[in-house]
Structure formats: structure tokens, C-alpha cells
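Trainee: Residues per chain are reported as follows:
Number of protein chains: 2
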Amino acid sequence: MALYVYKFGGTSVGSVERIKAVAEKVKKAHDLGDQIVVVVSAMSGETNRLVSLAREMQQQPTEREMDVLLSTGEQVTVSLLSMALHEIGCPACSYTGGQVKILTDSSHTKARIRNIDDTRIRMHLNAGKVIVVAGFQGVDEHDNITTLGRGGSDTTAVALAAALKADECHIYTDVDGVYTTDPRVEPKARRLDKITFEEMLEMASLGSKVLQIRSVEFAGKYNVALRVLSSFKEGKGTLITYEESQMESALISGIAFNRDEAKLTITGVPDLPGVAFKILGPIADANIEIDMIVQNIADDSTTDFTFTVHRNDYLRAKTLLEGIREELGARKVTGDDSIVKISIVGVGMRSHAGIASTMFKTLAKEGINIRMISTSEIKISVVVDEKYLELAVRALHAAFKLDQEVES
Amino acid sequence: MALYVYKFGGTSVGSVERIKAVAEKVKKAHDLGDQIVVVVSAMSGETNRLVSLAREMQQQPTEREMDVLLSTGEQVTVSLLSMALHEIGCPACSYTGGQVKILTDSSHTKARIRNIDDTRIRMHLNAGKVIVVAGFQGVDEHDNITTLGRGGSDTTAVALAAALKADECHIYTDVDGVYTTDPRVEPKARRLDKITFEEMLEMASLGSKVLQIRSVEFAGKYNVALRVLSSFKEGKGTLITYEESQMESALISGIAFNRDEAKLTITGVPDLPGVAFKILGPIADANIEIDMIVQNIADDSTTDFTFTVHRNDYLRAKTLLEGIREELGARKVTGDDSIVKISIVGVGMRSHAGIASTMFKTLAKEGINIRMISTSEIKISVVVDEKYLELAVRALHAAFKLDQEVES
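Chains as they are written, first to last, in the numbering used here: chain A, 3 to 410; chain B, 3 to 410.
There are no misleading hints in this set.
Stretch by stretch, here's where chain B covers chain A in the computed footprint (C-beta under 8 Å, at least three residues): (1) 15-22; (2) 55-68; (3) 71-78; (4) 89-100.
If you're looking for bench data, these hints aren't it; they were derived computationally from the structure. No experiment lies behind these values; they were computed from the predicted model shown. Just so it is clear, CB atoms sit at the ideal spot from N, CA and C, and this is done for glycine as well.
Turn these sequences into a full structure, and let the hints steer you where they fit.
Mentor: Below, the structure written as C-alpha cells:
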């Protein structure tokens, strides 16, 4: 007998029919003798409906009240799914975040889970029931309703799996697993059977939007085996595990990319201590998130400083930089908002040399100019002109033989 | 500084605009320096929407899950109203039934309130905030969400007013008070400034659907001053108090009627001990509610037994009676489902003789035949043919001078 936590997102429970389909899937697992905890999101569209009601009430809705409002979405789903399970003869019991209880801090709309009391869930599981838990929500120490922010239902599922020491946490979504790259860009992209948490983190943060990064971090931290599967299609999905797949000889696991980048450069900055802070401080103060940072020292004891931001923040960041250029004694500010970031990710990099040079050679052969480079232990990212995105991804996919199954 | 509990029903909070209007009304009272606790229902239409979703999931929705589902309706309203109050600069804080907390028994869909913990509400009231509480809902001792059944939001308001020792509990509705009778039947019907709990109970149970009977009972028991007012129209409404209005010389306060009655008679029943139980036992076992009961002893040591039921239960009750007629040794079963009940209600009856005879004389003068009579300390009910309803109500309204203001 195994214990599984299943998580179904808004699209998977988006209609009466889909909730019934989820009930069938859950019952099938329960009938096999496994213990099942289901975490669900609000029905798709419901959160948007509630948000627009809130905006009609208040220009900047109070966050505490927003949480009270939005948490009703998941509460509706848990009751409906429990009813659907009862209707097909599967014993079930719903829980709100407060009932579990999922204790969080008091940061409304983006709360962090502090503790989960699994006593009642265990009692009902041992009584043979399916437990249906509202994702995305919790309560703080004063019983105020909180929500966990974007991807909160994934986080709830992983946190429950950790608390219950579940065998696996299944994230059902509209894709059937993690791919070597986006199949819309490279049709030869292949579903991975396994990927490590570290690789998944790099893939997720780089724009492969299968899982929310927070839930992957959480899963890694508590060593929860995560599996990404399709709600609509049978299949084994992709298992995300702690163990590195040393047996596999794959050098890299996948290629991620991000279309939403823009880059800014300030050149000829006198190279004095504290210059990085002087440049990036005002950007951070304006709540603009910085992604890659590259600094080169030029010959004349000045430095060129380049960083990337989300494309939406490009103009704001540029104006800020121009405002501080003179004070810094820098030469000029340049920028480009038609660039993309492409990254190759793989734990195999740690033990294999020559991966970076294969990447650069491949891009050079296609005549693609590299504008920025940044590396970490298990990834290499390059910034290139937007127009080269598809060409670069396909060339790298082929160069690293990602379309071919790896021999164990 | 006074403490008021305001209750707004589904129609009063049925749209964004109406919730904003409620916020304005609440702010006005708060600005005068009074402490305000607001109890709200689900937006009109929302409960029906949720009920039909539930029915699509399960033919007979599990009651525990139904409560989880329906309680979201009020939760949405409390958050939206709090936002609307914030938007116009009025500090406010929402509470679900579980957060207050309103402790109930575990009878899902028709729970009874056991206790209210007002600690947190008092704290926030003293901090100058308006408290917005979800009506209709509570939690049992195991933190399961419960709902209070029909009229539950009124009950929540009254229970809170009792717990907080509020000066008055205002029930805002779509009528502007309690009338001497239904103005659609008698246009001369007059709004009463005051009515006693006992009178209100008789009026409510007799079909004047201004307030739910449970909340009136509750208010009477805990001596909460209730006031019925219109959400949409300015006015003082009707105050429902414990004190009898001895200063007023009104003999009766109003005329109630009920169109949904049907009467059943079993004649020639041998008059033996236990016969009433033998007749009414099977009716009660079939969950049919009995209203009036009249028993006459005929000369031949048999008895005629007549009672009234809701018109919807008429055929079922008749079939049951016919089934036991032979066993009882009774002569025959007759019935009539085109009758109505009309009652005059007033605490003045206690101290004034001749009220019954005035009633009977008035009806006789109009040629209206009385089919049944039943009396209690403060009301006299008669059953007459349906066709006489309007005529009887108007004649009685005039005979007891209900269209005239009472001199204090």
C-alpha cells in the first residue's frame, strides 16, 4: 500500500465533467488499495471572476480580504470533488487549508507554509477515505485566511506529501511531462522519464512553465518525489528526483529559453568599489527583478556593466540608468529589448568537460552571435538576438542528441 | 456610543452596486460613532448556482460537503463588503463563521448555534473597526463547517447581538417594516412602529414572511431588540421588543393569513383513549407537518377529528388516513384543499374581552362561513373558503381599526 498526493490544477477541474473525470481517476487508484490525498485548485476562470469582483469594489483590494475571497474558489472545488467521489461510491472528505491545518506566516497573497498538522488527515486516511484538500490556502496563527500566491496549489501538494511522507506527489497538468525543450519550437523534443530537482529548478526558472519553481524547491528540500503527468492522457510522465542519474550518460537534460528578456549596458563606469551596488540599487528599489549580470573590466580602468531584466521593465530600467549615469561618471547607456536567453541544463556538466565549447561551436556554425554568457554549475546560458531563437534551440537539441533515448 | 448588529440579506447585497450602497449605509452609522457589526448573506442567485453545481455532482449531495460548498457564498460577500468599506475609508475586517467562532452542533445543513466566542470581534470593535461576519454558517467542535439552514443569516445576526449585548439588531430586508396585514391584500395596511416578540412569532408562523421564526424565537429568548427595516428606503422600520406596549390601546396588532392550507377530517371515530395518537402518528411518521388540530365529541360517543396540513401534503395525508380508517372503526375521511387560515394577533387580547365575538360577527356580516376555529392566548385563527380570503382580511382590518394610528 502506497500513499500518493495528487494535485489537479484549474484546467483539470474546470467543469462538472472534468471534476467527474478526476473522481474516476482517483477512485481507480483508491480501488487498487493505495491511500490518496488530492489537492485541487479553483475551477479555471473562477479566480479571475473573483479578482474582477474585488477590483470593482476597491482599486487596490486589501490583501487580507483578497485572501478571504480567493480561497472560496478552492473550497468550492473540494466540496464538488468530494460529492463526485461519493456519487461513484468512493468515501471522501474535504478539507480547507484552515481545517488541515496548513499554518502559514501572515504575508497575505504570498504566504509561506510553516507547519502542517496531519493528525486528522491520517485518521481519515486510515479509515479508508480519500482526502480532498483545497490548494493555495492556509491560515496564520490568528486564524486569518492566507493564500500562497502563484503556483500555491503545487506548493500545498508538495508540502502535504512531505508532511505525510508520501511515496510520490503527482502533479497533473495539461502537459504529459517535462520535455527536452519546448515541442512547439523543436518538434523532435522528447519527454524525459526522469530529471533531477536541480535540473528542474533551472528549467523552471528559465521559462519551462511546467511546475512552479517554489514547489520544486520545496520538493527538493524535503526530498519529495515529484511526478508531472497529464490529466487528460494516460502515461508515466516525468519523475523529478533527488538522486542524480549517474547511470545515464546524458550530458545535458534539456534546453530552456526565455523570450521575455531585455538587456541594458552602462559602459565606461570608473571601476571603484561599490559600483555594482550603485547601479543595481536604484533598479532593485524600483522593484525591477534582475536576471543575468555580467561585468567586464576594460583596459582604461573603467568597467562595462550589463544585466538583463523582464522586457516589461526595460524602459523603466533604462530611464533609471540614464538618471544615474552622470553621477557615476559613466560613458553611456545602451540597451536592447529584442534579445532572448537560451540555456542548456544538465547535471552531466559537472563531470564532463567540453560542453560549453560544444555549445559555442554549434551556435558559431549557424552564424549566431552570442551577446552575453553566464554559467552556473549545471547550466550555461547565452543571450542572442531574438530572431535566432528557433534556429539556436534546434541546433543545440541536435548537437546534444536530445532527440535520442539515453541508454542506461 | 451604541453597538448595533446590521443584517443584510441576499437581495440587499445582490450586486456590486448594492454592496457599495450597503457600505455607504454602514459607514454613515460608523461615522456617527456607533460600533457596527454587519452580518451578510450570499449574493442573491449565488446559493442557487452552487446548489445546482452540487446536484450535477451527486444526486443527493452529502450534507457535510454541501455546507463546505454553500458557506463560500457568504465568504465572498464578507470580503467584498470589507473591500467596499476600505475603498470609502471605513476600517473593516471580515470574519467567516469559523473565525468568529460560531460554534454549532454537527447537524449539517440545519445546525444550531451553541456558543459564540466574541473575544476577537470585541478587540477589533474597540480598535474602531466595522466587523463584517458571514451569516448562515458556523463550525462544529471538530472544525467541520456547518450551515444553519433557512433564515440562517437572521439567526447569526440575532445570536451575535445577544453575545455582544448589542443595543439593537437591525434586519434590513426588502420591506420597510411589519404591517398590520399584507398590503397587497389590503392597501390600507399600516406599518407598525412596534410589535412584541410573541405577536411577531404568531405573525411569522402564520405566513407574514418578514423574518424567519427561528431568529425571532432566538431574539425573544435572549431579549435582543430586533428592528426590521428596508435596505432601499429610509425609515425607522418596526421594532420588535420584549416589553408589551401597555401604553397603546390596540386590541390586535395585525392580521396574518396562510394560503397554503388544506384540511382533513375523519368522522365517527370511536372516542377511546389514544385515538389522537393513532390518527396523527402515521401522519407524523410520514414527515407531514400538522398545523391546526380540532376535535369535537359527537353525541354517539364517537368523535370527529379535523386537522390542517400544507397543501402540498394533502393527497399523501388523505391516502394515509384512508388506510387507517377501517382499523380505527371510523366512518369516513373527508377533506378540502381550497381553504385558507386567517388569524388576528395581538397581546391586547389578554386583557380585553369580546375580541373573538367581534371577529365572528364581522365575518358573519360578510356572509363568510367559518369552517374551523382555533385560539391561543394572543391569536384567534379561523379557516374559511379560499375565495373569501381578501374579503375577510379587509373586513377584519376595518373592524379592528388597523388602518388608524394608535394614540399613545
